[in-house]
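Colleague: Could you build all of it, start to finish, from the sequences and the hints given here?
There are 4 protein chains.
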Amino acid sequence: MNFASDNTTGAARQVIDAMLAANDGSQPGYGNDEITLAVEQRIQDIFETDARVFLVATGTAANSLALSVMTPPHGSVLCHWTSHIYEDECGAPEFFSGGARLIPIEGADGKLDPDDLAEKAAYGQGDVHMLQPSALSITQVTEMGTVYSLDELRTLSEIGRKHGLAVHMDGARFANALVGLGCTPAEMSWKLGVDVLSFGATKNGALGVEAVVIFDTALADTFAFRRKRAGHLFSKMRLLSAQMAAYLDDDLWLKNARHANQMAAQLQAGLKDVAGIEFPYAVDANMLFPRLPDGMSDALHADGFHFYDNRWAPGICRLVTAFNTAKTDVDALISAAQKHAG
Amino acid sequence: MNFASDNTTGAARQVIDAMLAANDGSQPGYGNDEITLAVEQRIQDIFETDARVFLVATGTAANSLALSVMTPPHGSVLCHWTSHIYEDECGAPEFFSGGARLIPIEGADGKLDPDDLAEKAAYGQGDVHMLQPSALSITQVTEMGTVYSLDELRTLSEIGRKHGLAVHMDGARFANALVGLGCTPAEMSWKLGVDVLSFGATKNGALGVEAVVIFDTALADTFAFRRKRAGHLFSKMRLLSAQMAAYLDDDLWLKNARHANQMAAQLQAGLKDVAGIEFPYAVDANMLFPRLPDGMSDALHADGFHFYDNRWAPGICRLVTAFNTAKTDVDALISAAQKHAG
Amino acid sequence: MNFASDNTTGAARQVIDAMLAANDGSQPGYGNDEITLAVEQRIQDIFETDARVFLVATGTAANSLALSVMTPPHGSVLCHWTSHIYEDECGAPEFFSGGARLIPIEGADGKLDPDDLAEKAAYGQGDVHMLQPSALSITQVTEMGTVYSLDELRTLSEIGRKHGLAVHMDGARFANALVGLGCTPAEMSWKLGVDVLSFGATKNGALGVEAVVIFDTALADTFAFRRKRAGHLFSKMRLLSAQMAAYLDDDLWLKNARHANQMAAQLQAGLKDVAGIEFPYAVDANMLFPRLPDGMSDALHADGFHFYDNRWAPGICRLVTAFNTAKTDVDALISAAQKHAG
Amino acid sequence: MNFASDNTTGAARQVIDAMLAANDGSQPGYGNDEITLAVEQRIQDIFETDARVFLVATGTAANSLALSVMTPPHGSVLCHWTSHIYEDECGAPEFFSGGARLIPIEGADGKLDPDDLAEKAAYGQGDVHMLQPSALSITQVTEMGTVYSLDELRTLSEIGRKHGLAVHMDGARFANALVGLGCTPAEMSWKLGVDVLSFGATKNGALGVEAVVIFDTALADTFAFRRKRAGHLFSKMRLLSAQMAAYLDDDLWLKNARHANQMAAQLQAGLKDVAGIEFPYAVDANMLFPRLPDGMSDALHADGFHFYDNRWAPGICRLVTAFNTAKTDVDALISAAQKHAG
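Residue numbers (our numbering), protein chains in the order written: chain A, 1 to 342; chain B, 1 to 342; chain C, 1 to 342; chain D, 1 to 342.
Don't read these hints as lab results, they were simulated from the structure. Just so you know, even glycine gets a beta-carbon here, dropped at the ideal spot from N, CA and C. Any given hint could turn out to be false.
Unchecked claim - Away from chain D, derived, C-beta distances all over 12 Å, residues of chain B: (1) Ala-4; (2) Gly-25; (3) Arg-42; (4) Gln-44; (5) Thr-49; (6) Cys-183; (7) His-259; (8) Ala-269; (9) Ala-336; (10) Lys-339.
Stated by the list, open to error - From chain C, some residues computed to sit far from chain A (all C-beta separations above 12 Å): (11) Ser-26; (12) Glu-48; (13) Ser-76; (14) Ala-92; (15) Phe-95; (16) Gly-124; (17) Cys-183; (18) Ala-269; (19) Lys-272; (20) Pro-280; (21) Gly-342.
Claimed, not checked - Covered stretches of chain A (in silico footprint by chain D; criterion: 3 or more residues with CB under 8 Å from a CB of chain D, positions within the stretch not fixed): (22) 126-139; (23) 212-226; (24) 253-267.
Modeller: As structure tokens, this is what we get:
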């Protein structure tokens, strides 16, 4: 029973079926096929704007390529200190940008603190001895499972814009945030000032595909060359595109996200009444970060539940639900927790 | 009827089936799953040595990551001027190596000329004003469809070794060369002095997977970090590994390559007697570079045959056969050529 | 009357005279001249060890080239958050290292906190998702004017070493620290575990020359190529070397540093009794960071004293003395402060 | 008696005197001093246009920083295969540009062949698999001692411009070419379409200073940051600026270049009648590349004449005259050659 990550599961059946269908016959390579063209159009439709769309296979590639067109090598990228780009990409943003610096920003609940952001965004501007603040990266859903409200996003984006920063959103769990807020994709992105979005699908039912959606199309000029040059242009691109097409068809992405969020909500509802379990963080999407009483984590692991517990404050563990998390697994985890709390 | 590339087709059914099977259930991410571990072992077995094995999804990623551990930023990589790394990767080797230079080497038939190689390998060694020759990259099958003999490979590798160069083989079509020569994988690689091999599968039946096989294991220390940092470590890695496992199972890779080579041989046998068609290059694997008489290329295109004809000497076109090229398509192309020559 | 920086003055007369003398006649270029060879030997003698020595013209070049041989691109460099490499080099360490990350470490008085260092040095080691802690950079004299004791240096260096970090010392003001501690150059560097030293001369009487002294000579193999490749190998190298030779001859470097430190001590002695002036930081070398009462900074500026006051905590200004600071200027500053405090 | 390079001599006395004068007193650092501002203005006046001017200390820094604002990392720079950037900078252009490729162009006499240039400038444009031709670098004086006519320069620049390339001139010996052609600085640069010029002084009387003159000022936006980030912003910048000021004052630069060229002309006049000596290359400036009869090179070396003879076609040596080459040395070399030919 897996609550370790929304990455450890496979892909949704619809996604695999679409790959199978796309596999037949011959198609031009490197994204010049009909499926790719259609999916780019589809994403423009969903976002209600003429964005440029580029597919890649991993979230790290999406984020790093996105940032590489948003900062010069002598620039800096402001991001939360828990963010994936700062903590989990082994310096990929530095590599792709030619050595730009990531500046960690403070903030509770995995959210950027506006005051710290404003201070760092102004710091060193125009001083030739200092890296130039150039981009702001916002993670939605945050790495602590919280979701920014539209107002919170607007505040951050306006701070960035005021200081001349391009605004990036790491939307590895974009769908989970979207269904949580109940707004449109446009409202949660370019209408708030997002210039480039990493639009994730892998964690929510795809095998391995993400879209970089460039709303500020002036930033898109060099993207295709950068993608190729990084080895991220696939010859059999239609097999990425088919995944994304299936992901978007019939609102599969929204359905998957709703399911994952519901499982998370039910898990929280069951756990919050267990003696000794606390929830220091709001559960806004599909990740829970409860504090477990002493010994419970080990006991649950012994019961066969997989999850991480060694990376946060003492006692804090991370439970992640996915598009295909079974209700029975949720119930089993709650029961086990109740048993160990007894 | 497609003869444009072995990239424009889909994947073999066995490969897709293996992905489907691997898709069920949960597995640790990022290559810590059982399928990945097994396929790394399988490749060691096939090559009869304790090489380090890393899977990536594209040939450009394989080549560039491989070269990045073989040259310092102030080094140079010697390669044929027609090679994929020089002509078709938009500077990826430069990007991954931190700015090393690719030095184009002359040579007929797509093969490195030993004399030019020896001269360039010695050039500037130890001179602080000059880039230091550090790696030799050999493409097998060459980009002109020819296959180096083992003796030719040994000659080149020994020149490289004599001057302290690490030896890379771009084996995007490794299987096609191997069945052409009828030797073992070990004989065509590390036994000849190859230090790092890009072992291709995508062009020969996989969806998108290549293995970097590092025979000189001292070069492997930083590879995992470099792969992650380039966005080429897949969270759902087992879906790459499953492709490679199926590719190797039951000698699928060798069967696929034999078929492609046979189709190429039959195509050549049929075309070589057509009036006006010449074969300036040996057809050693699955690519043909015939010179067509005036107008035939356009006529064949009009008949619905896809292939490239605008990148080589006047009149030269490229015909590529694949693991699933139909005998009927080969016959159709021969008939059409005969008709237009008539 | 200038207390802004030890960079705003010119060079010592002896240094200029040596350049004039070296300017005559012809000498081999690019460091193959006798003056360069002699100065490299001289530095080995001073440090009592067979270090490799490379001259460059700026401190940023020295630090960045030094670090570039101490960390891979996927590594991180741990340094104080006030350090020159973090704050004042516009990302040069990132550029020269190919994208390594600088991790800011906490600590009072400009000194690295051993506990924070130990935690960050261990963080992420061996985890492929994280940058690998690879180097520790210690600034001696710190950017807050304090000087580490030998025990403090040993503690930091041992933490670094325990976690496999190479140890760098930014010694832009090495001489000022050395005469403060009254130890030998060897005792303040390699005997404590320093692997690579940026040995500054520019701030202490040279026109523009710094030595990178590589005690761990295994790190020196690629240095000459990196220096050339960064445009820091001078054709008329003897004119850098002559500066360094004069700087070391007759203990000019130590005399200059002693003078600067004495001027700082006298300045502190005079200012500490002025009403409203406090010294939150120890004055261990040639920099003072007093807190001035409201309005005094502006008043002193109006009197013609140059110094910075806008970069630190409120009220804090920086006063720097140099090898040629006049006693009369020190007295004048004290008198002016007394006047404004009255 | 030195004919090895115009780099092996020292600086002109006027240049040294200006440094001495600038050394007194205090001045703001990092180029914010009056001497620097004045010299930037002076260069604008000389070139009759509002160019942006940046001083650096080495020719490699000038060229590499210049090119770094003219090509993206996925671009290529077209240059003669004998050019300094291709042959003598250890990959600095690749380093500074983040991995752009240098494409060697053919051409007799060290001059770019317009046909080869036109072919390479068009090659791969817009093809995502290929590096994008982005800049053209022209060396004036060429590395073979020849000087392009204004018409030749215009032809090359127009080819570049037609294909969207930014045009760079490596003017390490700009003065020597200028006095050879007898035109104005503007006529030999921006009026012909040069966008960025490396304006050399070091080889012609300075100690170590070069100006990057950016005529296309849109390219200048990031230059200051790039210079700092590469360690090429000098704290005591006025000591570079003073060199350049003296170099330009009273037409010292032109006088120096005229002298060097005259010495070269006299040397050629004397040598061309010596039995067995041939001049395959025109002597347009201050470098001669005669072919010497067997044994003469060794004999002249034994006589104490320094020059290079091992890098070109068999028998070819290089003789370089400088701003301070003595007429007696020229006569001595001619006499020695006559003696050995006898």
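Colleague: Which hint numbers doesn't this structure obey?
Modeller: Violated hints: 13, 14, 15, 16 and 24; rest satisfied.
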